[in-house]
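S.K.: As a plain string of letters, each chain reads:
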Amino acid sequence: MAYEEPITDYDHIVENCTCAFCGSNCDDLDFLVKGNHVVGVRHACRLGASKIMEDEDQRLKVPMMRDENGELQEVDWDTALDAAAELIANAVRPLFFGWSETSIECMKKGLKLTEYVGAVIDNQATICHGPTVQAVQNVGYPLMTLGEVKNRADMVVYTGSNPMNAHPRHLARYSVFPRGWFRQRGRFDRTLVTWDPKFSDTAKMSDIWVPFEENGDYGFCNAIRAVLKGKELKEDVISGIPKQDIIDLTEAMKNVEFGALFFGLGLTHTLSKQRNIDIAIQLVQDLNAYTKWVLLPMRGHFNVNGFNIYMAYEMGFPYGVDFCRGYPRYMIGETTTVDLLNRKEPDVFLVIAADPGAHFPGGANMHLANIPVIQIDIHWGPSTELADIVLPGTFIGVETPGTSYRMDSVPIHMKSAIDPPETCREDEWIVNELYERVKKIKEEAK
Amino acid sequence: MEYILKNGIVYDPTHNVAGDKKDVMIKDGKIVDNVSSDAKVLDVTDKLVMAAGVDVHAHIAGPKLCLGRLYRPEDSRAGLVAKTDITRAETGFSIPSCSATGYRYSRMGYGTVTEAAVPPLEAKHTHEEIMAIPNIDVSPLALFGNNWFVLQFVKANDLEGLAAFVAAWLKLSKCYGMKVVNPCGSEAWGWGMNVHGIDDPAPHWDVTGREVVRALTQVNEMLGLPHSMHVHPNDLGHPGNYPTTIGTLDAVKDIKKNPNVIRDQTIHCTHLQFHCYGGTSWRDAKSGAAPVADYINKNKHVTCDVGQVTFDETTTMTADAPMEYDLYKLSGLKWANKDIELETAAGLIPIIYSPKAPVNALQWAIGLELFLMINDPWQVVLTTDSPNAGPFIRYPRIMSWLMSSDRRTEMLENEVHKWATKRTDLASLDRVYDWNDIATVTRSAPAKILGLEQRGHLGVGANADVAVYDIEPENFDATKASNASVIEDVMGRAAYTIKDGEIVVKDGKIVKVVPSRHMWTNVTGFEEQEKKVLEDIMPMFNRYYTIKFENYKVFDHYIDPAIEFKIDAGK
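Chains X and G, in that order, are what the protein sequence lines are. In our numbering, each residue carries its 1-based index in the first sequence increased by 146. No gaps in the numbering here: position 60 of the second sequence is 56 in our numbering, and each next residue is one more.
Check the hints yourself; a few may be wrong.
Claimed, not checked - Straight-line distance between alpha carbons at most 25 Å, and here's what the computed DSS-like set of lysine-lysine pairs gives:
#	chain 1	residue 1	chain 2	residue 2
1	X	K375	G	K36
2	X	K258	X	K585
3	X	K258	G	K505
4	G	K508	X	K254
5	G	K508	X	K585
6	G	K352	G	K282
7	G	K325	X	K377
8	X	K561	G	K544
9	G	K330	X	K377
10	G	K502	G	K18
11	X	K592	G	K330
12	X	K588	G	K17
13	G	K36	G	K508
14	X	K588	G	K508
15	G	K549	G	K528
16	G	K79	X	K254
17	G	K79	X	K586
18	X	K400	G	K325
19	X	K592	G	K508
20	X	K375	X	K350
21	X	K585	G	K79
22	X	K254	G	K330
23	G	K508	X	K258
24	G	K167	X	K561
25	G	K17	G	K2
26	G	K79	X	K258
27	G	K330	X	K419
28	G	K549	X	K561
29	G	K330	X	K400
30	G	K330	X	K375
31	G	K508	X	K586
As the list claims (entries may be wrong) - Heads up, incomplete: computed chain G residues facing chain X, CB under 7 Å, no partners named:
#	residue
32	K26
33	C62
34	S93
35	K120
36	G186
37	G188
38	E337
39	N538
40	Y540
No lab work stands behind these hints: they were computed from the structure. Where a beta carbon is used, it is the ideal one built from N, C-alpha and C, also for glycine.
Sequences are here, hints too, so could you generate the full structure?
M.R.: What follows is the structure, given as structure tokens:
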């Protein structure tokens, strides 16, 4: 890698900023600011730094609406907001999706709007850690904050995730490398294990790599549980792993002082879906009969967990909540976004801080192409191509302060370092403005 | 706005008013002794009038509540109520959604609730939930009993440093007082272990529960915090644990109370029912209520709340995480856990208290024994440790049990397992609570125990938090077993709940929604010491927490609106 000169051309430093990228929510970043731009970021990983520094890249700066030729054209804020409010007010089955990259403060306004019009509100968990939440509802959830791992863990297992690429500071800041109170030698005091069919960058640096075969996760966890319970394994090779390796690994896991299992979408989205997580959780519960074990899902967006927490405390359900009957309903497969879209139920779709255009299955996106879509975001993306009205928001944690919840549910107040572009508006303001305008339309119609 | 509540039957134990027919006058959110002719008259002739209820211990807001809601959608579905023009939709039975929590307390005539366990690292979460709860003011208690800094100060016997640390941490977490849960036991849970008794040290720390409780109680009195040490002793829920309980209470007997506080106690023992078990295992378990009640009757430095089991399917949640794992081993139901770095642990598990189950019947009877064996109602408070022994909406049902020994006999004979009769003395206790006792254990005593001068009574200058119930105490025989359901019904839906001079509930329905206030204690006079302590601990903080100190504190916008209790510790 080429040597990069340190950045010296900046006006001032804003310390202890929080990264608005992944669920690690690193809150130790220093932003180097010059002329209302972040020109450098200290301590962040490349993913976080590039998101923060290149915030102008493909930035949505003005409200836009499609003209009669189907082209997005700049309009003023009032026109765009009124048109969006009109759509929402007249919708029969509006669906408000996203929220994982905006603040809790904005979600509050969003829920208010949802309750008022009787919409469905949902976030990215519906397509990422939704099966995890299902499994948690089946069998329980023994977790911890990340500092517990840093201070105590002598074995760390990653499965179905590759933090070296996806959460690059996870090992360095929380789990493996840092010196903890009871682990003063940091990395040397811990055993790092990766269970993954791929020889990922995380596997490459692990002490033990368990390459079970694809879709072999359930069988592998099941075999460890069987060994833990003193059962004889009947086959010599299970999920591609020799029997003796499983027995040895089980023994090692039993004999640590504090073990932590981190799992990602590689576990939630292979063949057995939530059943994979069921058995992983039960494995950790079983291990607690011998020693201390905890687990944590590797959440992706910096506030995807925040939405689930927020909805749980306000309305008792974590995601996919339908208010059409005046009280909240949560039924996976019924009130979740992709299922609603596949059934072609929604007639207006509001997307905020998410990119369904890039991530939803084709059938769901086909329906989105046929109904009015309102987008609130800071960057141009595939969803902008589907959008009929575009409302440019601001960058939480850089331009606008707000609350987020880390993957381990630690709440963090993310401060701002620079001013947002003059033509953009805060997400919270936009959603509240939609609420006020929808309310006006509905009340006038009464 | 001025109000006059006319001709009610008033119970105000703080001022020795027990069933007098009199008017209660309200002006500008306070109780006054006269109002102008413009005052709105509320005719409450012959109806029961009390100050609004005060809950000394419940779990209503914060990370473990939220985890409970997230992993128990079946509980959320058990309490669905559609939105109205005034109220939002409600969900949840044992762990209601935030707005449901506020509405339900308000409907019972309550105005103040203590959130009993706040991990400072996640205090922002607790305050966010309090912001979402309407109609009750909330006094959160921060967890200190397994905090590593506390363990270090205790080990070094540095009480001055510990006092400064506590003062600083109450400011950072914006909490009202101190809570200790299974001191040293929750730290041991960091290794999957527990401590047994108050003299068993936490692994690696060489500090015992006794030392932690003593040091923090001394600090509590040194600072003169409005509320006393609020302790959940070691060995919760273990047969044979009552000596640990008495030992914990006795460990602080010699500590002098700060002269500036209105409370009488130096230690408040919470959900005492879970700490009064005799025997050696669940096979031979029996009540240990008598010796504990006897200790409390002889010692004025102690108050308690009961944590009465109500025979419901509920969700247990506590910072006593090893105990939750014990429950998981017993029941095998879905177990959740949440350890908090450097501070505490927490666990959750659903539980079904059945009247036919011997252990549950025993627990139920022990709770009632405590109510009836502790002579002075000012020393005992009605709680269910909501939602641990039952959800708070069952308070009216507990009142009906306390007011009628006939009803209790009926239950002992027909409804609950015989352990309740054979292994406790409940059957021999024919004491009944009158309305004055009920007002004491649900209002006056908890307000005094919490050090809240302006709550829990109807004297001039008190907050105008008033509850009126649709029952005529003079024409109603509460001791009749058949009237138990009437008590439960009327006490569960106040005719009026008035919060700070505004009517929020009328005829059991929410008519107005007001924001709850966050009550917190600001200790002054310790600034120099606090600064020094923060400097001293900062290297450890920076190295072992995973969050920056600047981002750790609860910012002011999370506690809007707030009530600040300024304490001059230098006095």
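S.K.: State for each hint whether it applies.
M.R.: Evaluation of the provided hints:
{"no.": "1", "hint": "X:K375 to G:K36", "result": "71 Å, violated"}
{"no.": "2", "hint": "X:K258 to X:K585", "result": "11 Å, holds"}
{"no.": "3", "hint": "X:K258 to G:K505", "result": "22 Å, holds"}
{"no.": "4", "hint": "G:K508 to X:K254", "result": "20 Å, holds"}
{"no.": "5", "hint": "G:K508 to X:K585", "result": "20 Å, holds"}
{"no.": "6", "hint": "G:K352 to G:K282", "result": "16 Å, holds"}
{"no.": "7", "hint": "G:K325 to X:K377", "result": "20 Å, holds"}
{"no.": "8", "hint": "X:K561 to G:K544", "result": "13 Å, holds"}
{"no.": "9", "hint": "G:K330 to X:K377", "result": "23 Å, holds"}
{"no.": "10", "hint": "G:K502 to G:K18", "result": "20 Å, holds"}
{"no.": "11", "hint": "X:K592 to G:K330", "result": "48 Å, violated"}
{"no.": "12", "hint": "X:K588 to G:K17", "result": "49 Å, violated"}
{"no.": "13", "hint": "G:K36 to G:K508", "result": "17 Å, holds"}
{"no.": "14", "hint": "X:K588 to G:K508", "result": "23 Å, holds"}
{"no.": "15", "hint": "G:K549 to G:K528", "result": "18 Å, holds"}
{"no.": "16", "hint": "G:K79 to X:K254", "result": "17 Å, holds"}
{"no.": "17", "hint": "G:K79 to X:K586", "result": "20 Å, holds"}
{"no.": "18", "hint": "X:K400 to G:K325", "result": "18 Å, holds"}
{"no.": "19", "hint": "X:K592 to G:K508", "result": "23 Å, holds"}
{"no.": "20", "hint": "X:K375 to X:K350", "result": "31 Å, violated"}
{"no.": "21", "hint": "X:K585 to G:K79", "result": "16 Å, holds"}
{"no.": "22", "hint": "X:K254 to G:K330", "result": "30 Å, violated"}
{"no.": "23", "hint": "G:K508 to X:K258", "result": "18 Å, holds"}
{"no.": "24", "hint": "G:K167 to X:K561", "result": "20 Å, holds"}
{"no.": "25", "hint": "G:K17 to G:K2", "result": "9 Å, holds"}
{"no.": "26", "hint": "G:K79 to X:K258", "result": "12 Å, holds"}
{"no.": "27", "hint": "G:K330 to X:K419", "result": "19 Å, holds"}
{"no.": "28", "hint": "G:K549 to X:K561", "result": "13 Å, holds"}
{"no.": "29", "hint": "G:K330 to X:K400", "result": "22 Å, holds"}
{"no.": "30", "hint": "G:K330 to X:K375", "result": "19 Å, holds"}
{"no.": "31", "hint": "G:K508 to X:K586", "result": "22 Å, holds"}
{"no.": "32", "hint": "K26", "result": "32 Å, violated"}
{"no.": "33", "hint": "C62", "result": "5 Å, holds"}
{"no.": "34", "hint": "S93", "result": "5 Å, holds"}
{"no.": "35", "hint": "K120", "result": "4 Å, holds"}
{"no.": "36", "hint": "G186", "result": "6 Å, holds"}
{"no.": "37", "hint": "G188", "result": "4 Å, holds"}
{"no.": "38", "hint": "E337", "result": "3 Å, holds"}
{"no.": "39", "hint": "N538", "result": "10 Å, violated"}
{"no.": "40", "hint": "Y540", "result": "5 Å, holds"}
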